[in-house]
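> Given the structure of chain A, go ahead and fit chain B onto it with the hints provided.
Residue numbers (the working numbering), protein chains in the order written: chain A, 368 to 745; chain B, 368 to 745.
Hints in this document: simulated from the structure, not taken from any laboratory. Watch out, some of these pointers could steer you wrong.
Copies of one chain are not kept apart here, so a pair can be met inside one copy or by any two copies together.
Stated by the list, open to error - Below, in silico cross-link-like pairs of lysine-lysine (BS3-like), each with a Cα-Cα straight-line distance of 30 Å or less:
1) K503 to K518
2) K518 to K576
3) K518 to K399
4) K503 to K420
5) K676 to K710
Protein chains: 2
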Amino acid sequence: MKTSPLLAALAAAVVSIPLGLAQEPAPADDWKPASSNQPGREFPKVNSERRVKFRIVAPGATNVGVTFRDSSPFTRGEDGAWYGHTRPLDEGFHYYLIQVDGAEVPDPNSRMFFGAQRWGSAVEIPAGDQDTYTLKHVPQGQLREVFFHSKSTDTMRRAFIYTPPGYDQNPDRRYPVLYLQHGWGENEYGWGVQGRAREIMDNLIAENKTRPFLIVMIYGMTNETRMGGLRDFDIGPFETVLVQELIPFVDAQFRTLADQPHRAMAGLSMGGMETRMVTLRNPGTFSHIGVFSGGSIALTNLTDVAAFKATNRLVFVSYGSRELGGDRPNRGGDPRANAEALKQAGINSHFYVSPDTAHEWQTWRRSLREFAPLLFQN
Amino acid sequence: MKTSPLLAALAAAVVSIPLGLAQEPAPADDWKPASSNQPGREFPKVNSERRVKFRIVAPGATNVGVTFRDSSPFTRGEDGAWYGHTRPLDEGFHYYLIQVDGAEVPDPNSRMFFGAQRWGSAVEIPAGDQDTYTLKHVPQGQLREVFFHSKSTDTMRRAFIYTPPGYDQNPDRRYPVLYLQHGWGENEYGWGVQGRAREIMDNLIAENKTRPFLIVMIYGMTNETRMGGLRDFDIGPFETVLVQELIPFVDAQFRTLADQPHRAMAGLSMGGMETRMVTLRNPGTFSHIGVFSGGSIALTNLTDVAAFKATNRLVFVSYGSRELGGDRPNRGGDPRANAEALKQAGINSHFYVSPDTAHEWQTWRRSLREFAPLLFQN
Numbered sequence: 368m369k370t371s372p373l374l375a376a377l378a379a380a381v382v383s384i385p386l387g388l389a390q391e392p393a394p395a396d397d398w399k400p401a402s403s404n405q406p407g408r409e410f411p412k413v414n415s416e417r418r419v420k421f422r423i424v425a426p427g428a429t430n431v432g433v434t435f436r437d438s439s440p441f442t443r444g445e446d447g448a449w450y451g452h453t454r455p456l457d458e459g460f461h462y463y464l465i466q467v468d469g470a471e472v473p474d475p476n477s478r479m480f481f482g483a484q485r486w487g488s489a490v491e492i493p494a495g496d497q498d499t500y501t502l503k504h505v506p507q508g509q510l511r512e513v514f515f516h517s518k519s520t521d522t523m524r525r526a527f528i529y530t531p532p533g534y535d536q537n538p539d540r541r542y543p544v545l546y547l548q549h550g551w552g553e554n555e556y557g558w559g560v561q562g563r564a565r566e567i568m569d570n571l572i573a574e575n576k577t578r579p580f581l582i583v584m585i586y587g588m589t590n591e592t593r594m595g596g597l598r599d600f601d602i603g604p605f606e607t608v609l610v611q612e613l614i615p616f617v618d619a620q621f622r623t624l625a626d627q628p629h630r631a632m633a634g635l636s637m638g639g640m641e642t643r644m645v646t647l648r649n650p651g652t653f654s655h656i657g658v659f660s661g662g663s664i665a666l667t668n669l670t671d672v673a674a675f676k677a678t679n680r681l682v683f684v685s686y687g688s689r690e691l692g693g694d695r696p697n698r699g700g701d702p703r704a705n706a707e708a709l710k711q712a713g714i715n716s717h718f719y720v721s722p723d724t725a726h727e728w729q730t731w732r733r734s735l736r737e738f739a740p741l742l743f744q745n
Numbered sequence: 368m369k370t371s372p373l374l375a376a377l378a379a380a381v382v383s384i385p386l387g388l389a390q391e392p393a394p395a396d397d398w399k400p401a402s403s404n405q406p407g408r409e410f411p412k413v414n415s416e417r418r419v420k421f422r423i424v425a426p427g428a429t430n431v432g433v434t435f436r437d438s439s440p441f442t443r444g445e446d447g448a449w450y451g452h453t454r455p456l457d458e459g460f461h462y463y464l465i466q467v468d469g470a471e472v473p474d475p476n477s478r479m480f481f482g483a484q485r486w487g488s489a490v491e492i493p494a495g496d497q498d499t500y501t502l503k504h505v506p507q508g509q510l511r512e513v514f515f516h517s518k519s520t521d522t523m524r525r526a527f528i529y530t531p532p533g534y535d536q537n538p539d540r541r542y543p544v545l546y547l548q549h550g551w552g553e554n555e556y557g558w559g560v561q562g563r564a565r566e567i568m569d570n571l572i573a574e575n576k577t578r579p580f581l582i583v584m585i586y587g588m589t590n591e592t593r594m595g596g597l598r599d600f601d602i603g604p605f606e607t608v609l610v611q612e613l614i615p616f617v618d619a620q621f622r623t624l625a626d627q628p629h630r631a632m633a634g635l636s637m638g639g640m641e642t643r644m645v646t647l648r649n650p651g652t653f654s655h656i657g658v659f660s661g662g663s664i665a666l667t668n669l670t671d672v673a674a675f676k677a678t679n680r681l682v683f684v685s686y687g688s689r690e691l692g693g694d695r696p697n698r699g700g701d702p703r704a705n706a707e708a709l710k711q712a713g714i715n716s717h718f719y720v721s722p723d724t725a726h727e728w729q730t731w732r733r734s735l736r737e738f739a740p741l742l743f744q745n
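Isolated chain A (complex conformation):
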């Protein structure tokens, strides 16, 4: 690959002419392997324009592509493999699949993540603030996979539980707990894997920016096949698992501060909706509320503002900047205005906007990073 950048640009331009992209300049030729790749895999690569370049080996195929919209046509390289690249993507984490003659399948070069109701591929685009969610040589918490028995569903259910650094070394210390939910089409792995909840917390704690607490993550539905839509979603069965079964299990098995002032719930998208429903229905259980890209809480949602003020310690609402404004509908009212109204009513209300991100994990990583330091402070 000792072709000069100029020649490479020229070649790319020539190749692209018959494909109708003659006006598009060649992508910057500073591709680096994505951090989301499988061990030892060179592709996909990301360049400084935040484009992603793929290499797909499919000798007998006639049509190869990826699920990112507006990607370049895929063409065969000199080595016979197929190459193509995306438009510039937002910073952060994006799910995708590859397409081979009509089959939509995981990219064998990518690690696997659960989203869009499947274990599939994703690519990580470097971000200016990635240091906040990168594994570093700082005191480490643990991410524990545990199973608990749910009587209401008669199943053993998986929970991931983050315990902060020092948890095992301080056997007399008790900790607050955040119950943290994923979005629709995702599962209990989301926050611990692509959400980087562990790295975010370890790094915040290392900088003394947050109080240490446990984070508990479970699957946010009770349909064991993990399919189905939201239209007929009934919060009841999940609320039973969470409030009646999971919380007692966690309080029995871990050294928690097992009272309302030290218990928070947050979630993204569908998990934000669940958080609003469960916390408003259980004011004696949760004191801190986080809603990430999942609507907001209006004063009119509170049946008794004085009672809410008496028990609630925090309402945090966040969105990615690309989710706001324009012609997007604001179901439940403008979230910023709702947050401001709560604040005017004397509620500890915070509103955060993630710059230049959409309804994706970069918004939610940043939301957790901004939310955590506000928890259990009063």
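This is chain B only, laid out in the frame that chain A set:
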């Protein structure tokens, strides 16, 4: 799918004639979704003959298949998807990929497992003894993902640590530790995911068949790209990570019995080779040895039999029955004869053969199940 079994058998036979399989009877029509499938996916299915049937959606493809040898040709069904099935497979767990016009990619219907140097697909074939490695409503241990700093490699390294039921509830109790290694092309996820180490231990402990102990699992090489062969493998760098860095970390962070009599090492295949090398070089560190499908220990491997007898408490060697006999070379001598010679020399030597399994995870699940009850008994 209300076709009668007879009609289905007839149709399958007719379809297969031009493909040269006219003599083969139709597979038993009692297909059930594999337990290794992604949530909600009907295919792959397994029948009572232990065949696996696949459904691959690839509308534009001309050639679809799987990496299992001797599989049926894949043909289009009435719904346009591609269907094919395998020969009868052994009980247990098998890695595979699908093939779409020359692309070898993960099956989007399968969960993903790391083996053969990749995150890819696998299928679980029901087994007569699967109850021993199935998640049950018994007291549960935890599988903890932790990171430790390795000075010799200047990396943060992942370890999975199994803590038995009751570990958190008995803060004054200390436990023995088994260091347990995966095989070549696999990684630190192997034993906790496809190896079912947690379920095996929880179930043994529930039946009071084993003493509770910790299991520690790390990646068995130090090449960060996780590629490369065994020909030039030098045990030194991994031995340094394991003995000089990991063991002190575990003994500092967990309530271990931090002495030689309470420390075991075992591994499968390459991990068995590593176990033989590391334990024989560090007799003051490990007292119990397990080698699963990874060679055996001959009397001639012991430079000082009397010294070995004085410090070793157990040598356990196992194989799958299909790995033994026939014209297979027995590098390092016949493992059964070697085990018998150790026993004759007064060493606590055990030899186990897994019935009707090959160099695969079912052999190693059973090996752990047989090995664990022998650990830390004397």
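> Determine for every hint whether it applies to the structure shown.
How the hints compare with the structure:
1. In the homo-oligomer, the alpha carbons of K503 and K518 lie at most 30 Å apart only across protomers (14 Å), although the nearest pairing inside one protomer, at 40 Å, exceeds that limit.
2. In this assembly of identical chains, K518 and K576 lie within 30 Å of each other by CA distance solely across copies; the values are 27 Å between and 38 Å within a copy.
3. Taking the shortest Cα distances, K518 and K399 sit within 30 Å of each other only across copies (27 Å), while inside one copy they are farther apart (49 Å).
4. When the C-alpha separation of K503 and K420 is checked against a cutoff of 30 Å, the pair qualifies only within one copy, where the shortest distance is 28 Å, while the shortest distance between copies is 45 Å.
5. In this assembly of identical chains, K676 and K710 lie within 30 Å of each other by CA distance solely inside one copy; the values are 11 Å within and 74 Å between copies.
Checked against the numbered hints given earlier, this structure breaks none of them.
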